[in-house]
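Single-letter residue listing:
There are 2 protein chains.
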Amino acid sequence: MDSTIRYPEKKIREMLASGLGAEELGREIDGLDSADLLHAVYMLSPDDQRALLSALTPPRAASLVEELPDAHAADLIEDMSAHDAAGIVEELSSDHRVDVLSELDKTEADAIIAELDDEDADEVRELIDYAPDSAGGLMMTEYASYPMTATVREVVDDLTSETVDYHLLTVHYVYVVVKAKKLKGVIRIRDLVFSDPKQKIGEIVSPALVVSPETPLEALEAFFDEHDIAAVPVVDARQMLLGIVRRRSLLEALAERSEADSLKVAGIIGGDELRSMPVWLRSRRRLAWLSINILLNIIAASVIAAYEDTLTAVIALAVFLPIVSDMSGCSGNQAVAVSMRELTLGAAVPSDVLRVWRKEAVVGIINGMALGLLLGMAAWAWKGNPVLGLVVGGALALNTIVAVSIGGTVPLILRRLKLDPAVASGPLLTTVTDMCGFFLLLSLASQVLPALI
Amino acid sequence: MDSTIRYPEKKIREMLASGLGAEELGREIDGLDSADLLHAVYMLSPDDQRALLSALTPPRAASLVEELPDAHAADLIEDMSAHDAAGIVEELSSDHRVDVLSELDKTEADAIIAELDDEDADEVRELIDYAPDSAGGLMMTEYASYPMTATVREVVDDLTSETVDYHLLTVHYVYVVVKAKKLKGVIRIRDLVFSDPKQKIGEIVSPALVVSPETPLEALEAFFDEHDIAAVPVVDARQMLLGIVRRRSLLEALAERSEADSLKVAGIIGGDELRSMPVWLRSRRRLAWLSINILLNIIAASVIAAYEDTLTAVIALAVFLPIVSDMSGCSGNQAVAVSMRELTLGAAVPSDVLRVWRKEAVVGIINGMALGLLLGMAAWAWKGNPVLGLVVGGALALNTIVAVSIGGTVPLILRRLKLDPAVASGPLLTTVTDMCGFFLLLSLASQVLPALI
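Each protein sequence line maps, in turn, to chains P and S. Per our numbering, residue 1 is the first one in the first sequence, and the count goes up by one each step. Per our numbering, residue 1 is the first one in the second sequence, and the count goes up by one each step.
It is worth saying that the hints were derived from the structure and are not from the lab. Please read all numbers here as calculations on a predicted model, not as lab measurements. Incorrect hints may appear among the rest.
To be verified - Every beta carbon over 12 Å from chain S, so not counted as near; a handful from chain P, in silico:
(1) 200
(2) 214
(3) 224
(4) 239
(5) 308
(6) 316
(7) 356
Stated by the list, open to error - If you want the footprint, here are the derived chain S segments under chain P, 3+ residues with CB under 8 Å:
(8) 37-50
(9) 247-259
The beta carbon of each residue, even a glycine, is placed where N, CA and C say it ideally should be.
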């Protein structure tokens with residue numbers, strides 16, 4: 001950050017208040033880079049954000065919308081009239097269009113789609129049915145295709161003509177089709193360089209690698225790993241060209257999924273949260289996860305209630321209960337993170353449960369002994385009772401082994417059960433390790449109670 | 001996964017054991033897609049992994065190394081002779097080469113670099129000094145550059161000639177230079193299509209957007225957001241062309257950083273951990289973070305020790321200590337995750353501490369009351385004592401507000417202090433909220449002790 005902090009949001013606010021038109025606002029916004037623009041928008045109140053979007057010309061509003069996270073863009077568009085919203089949506093590229101519309105309620109999305117021109121509306125209705133993390137959901141419908149009989153010169157002339165909107169295209173390939181949509185193959189733009197302008201493109205076309213619209217993110221990742229191309233055509237079962245997925249879109253989708261996973265691991269589920277969203281929505285989503293957690297916590301703590309007599313006899317144990325609970329959570333979460341990472345990389349697959357468990361158990365034994373020793377010594381030093389040290393240290397050591405075993409294997413098991421490991425691993429881990437930790441500490445203590453009093 | 005699980009690692013192991021040569025192994029490996037290959041490598045013992053790498057021809061070994069995470073690739077190469085390692089390193093693309101070598105100890109890296117041919121060695125020595133997350137660290141030195149006086153035809157002929165290794169290039173641009181390295185501008189390959197073959201490229205060159213080698217990841221991200229180009233040339237202060245950064249490399253670096261952050265948040269610090277790494281290394285790195293945490297935990301729990309009398313009088317409180325500690329951690333971590341996300345997006349900057357705090361406080365009040373009510377009711381129902389419910393519920397409600405306030409603001413404050421919020425936010429958060437939670441619960445209880453007994 002520059003030390004002279006700029007406040008573009010103040011200027012925008014003033015311009016909105018003084019009723020300045022689309023031109024002045026547009027110029028102000030064009031002067032900001034994307035990070036500053038995003039931050040400025042966040043500093044505005046929701047009302048000012050909406051006023052800004054309405055005051056801009058649709059193309060400028062659309063480019064602003066493309067900078068915002070989809071959920072936030074949808075929030076803003078939701079409150080506009082369907083007609084105004086459609087004006088902006090029309091200016092978005094096909095992939096952004098669908099991303100934003102899928103964040104809206106079905107009725108609101110339908111109202112906006114009804115306001116689009118027929119061709120765009122039909123296209124959106126088709127695209128919106130694909131899962132967002134599939135080739136169909138990631139593809140864009142802006143591509144250049146020509147019939148077999150076109151000549152190299154015709155293609156080149158068309159690509160350079162002013163009538164085609166290639167603003168949205170990063171043209172690396174030209175697709176060759178018959179009957180308007182059936183894909184016959186692909187020509188790299190650079191190969192057009194080396195061709196005779198009078199040649200028919202049907203003569204220089206190469207067979208195209210293709211994917212189906214259902215191809216999931218993982219398979220697309222493997223595909224682009226394997227093939228060094230910038231975009232892949234998506235075709236249906238009859239080889240009809242539906243769109244293209246760019247490597248760039250795939251990489252962006254992978255980044256988004258990994259961001260979404262970090263949010264889910266920390267208990268932000270049900271979608272992206274940004275502090276510009278309404279408070280009740282943020283509270284409700286967070287509470288949904290917290291209230292499940294508090295129930296699990298109460299269940300785990302019920303183990304403590306069963307040992308009230310032991311605790312009353314040796315009140316010092318109460319000090320170590322939260323330590324055992326927290327530290328087991330920490331050790332277990334480390335193992336969860338490594339498993340999530342190995343799942344993402346493909347270095348571990350769901351059937352590797354046993355192998356992963358053996359690898360984790362070794363680390364658990366070493367780290368359990370180290371941590372147990374540390375906490376045991378602390379307990380001994382504090383109360384001058386070596387047996388207390390043994391009980392506390394032993395419980396932590398054993399529970400560390402339990403925690404890393406569960407932490408390492410649970411993500412794989414959840415993936416195998418087709419559940420989302422990012423959401424469920426944490427709560428499952430802490431509930432089981434808490435119960436087990438409390439039980440180990442208190443039952444060990446009750447075994448040697450006379451020596452502790 | 002296919003239901004008929006394949007075991008390529010078994011086949012590779014058998015082939016290694018029977019001493020089969022580079023050709024057979026190479027064919028087996030070529031038949032695997034990258035995810036299966038990576039998984040197969042992980043299923044081999046470290047010795048077998050090394051044996052596999054040595055048995056392959058250097059180009060095949062290099063393409064295997066490019067599939068592996070850098071830290072793992074470095075582990076394998078480390079144990080080979082510098083001469084053999086150099087044979088593989090020579091076949092890597094310039095950016096991978098530096099990534100792998102920077103993971104090695106300086107002496108080992110130097111020994112390998114000394115075995116490279118002089119030109120490569122000089123290049124690596126230059127590149128290795130750039131920070132990995134800067135344009136210099138991300139750039140590759142494989143690009144096509146030509147003098148102003150070359151004709152379009154000469155450039156095209158050269159690009160299509162067999163002598164140049166364009167395996168590593170994804171050619172979208174040709175750079176125009178004077179005196180071998182001084183950048184004059186850029187020509188898109190597609191623009192060569194539309195040019196007269198006899199023209200000098202100096203006549204059709206456009207000015208190039210450039211970045212300096214020190215440009216950090218965030219600035220590169222803003223750059224590629226702003227400009228729809230596939231690669232940007234990196235030049236020094238004298239406009240000498242040092243290399244190019246592809247959009248793709250940037251997106252991959254961003255994804256890696258976000259992966260690294262999720263590991264750090266969960267307490268895997270000091271680098272990527274994969275279960276193929278030596279146990280002592282994995283244990284030691286995890287313990288480094290755990291042992292700091294256990295000390296912080298002991299400090300937090302010392303608050304409990306100060307209230308032993310209150311606890312002895314109302315042993316039921318011991319059940320609620322871990323619940324308050326866990327739940328505050330959960331609420332706080334949600335706020336941490338949202339702040340980390342907003343920092344990544346640019347929706348929050350370090351100076352927004354106050355704004356973020358106000359936004360979090362509202363959510364904290366709502367969720368604190370909801371959770372406090374829930375836990376308070378549970379406590380009342382369990383012991384039939386409404387005052388116990390008030391104490392427990394009140395402590396959790398207040399501590400939830402503390403937790404989200406700290407969780408939301410600490411990442412911003414750490415970023416401002418130039419500390420890594422991914423590493424330090426969690427431990428700081430839980431220590432403070434644990435202390436505060438224990439204090440709230442036990443001091444509230446001691447105030448109304450007669451009503452609790």
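Hints the structure fails to honour: Numbers 3, 5, 6 and 7, in rising order.
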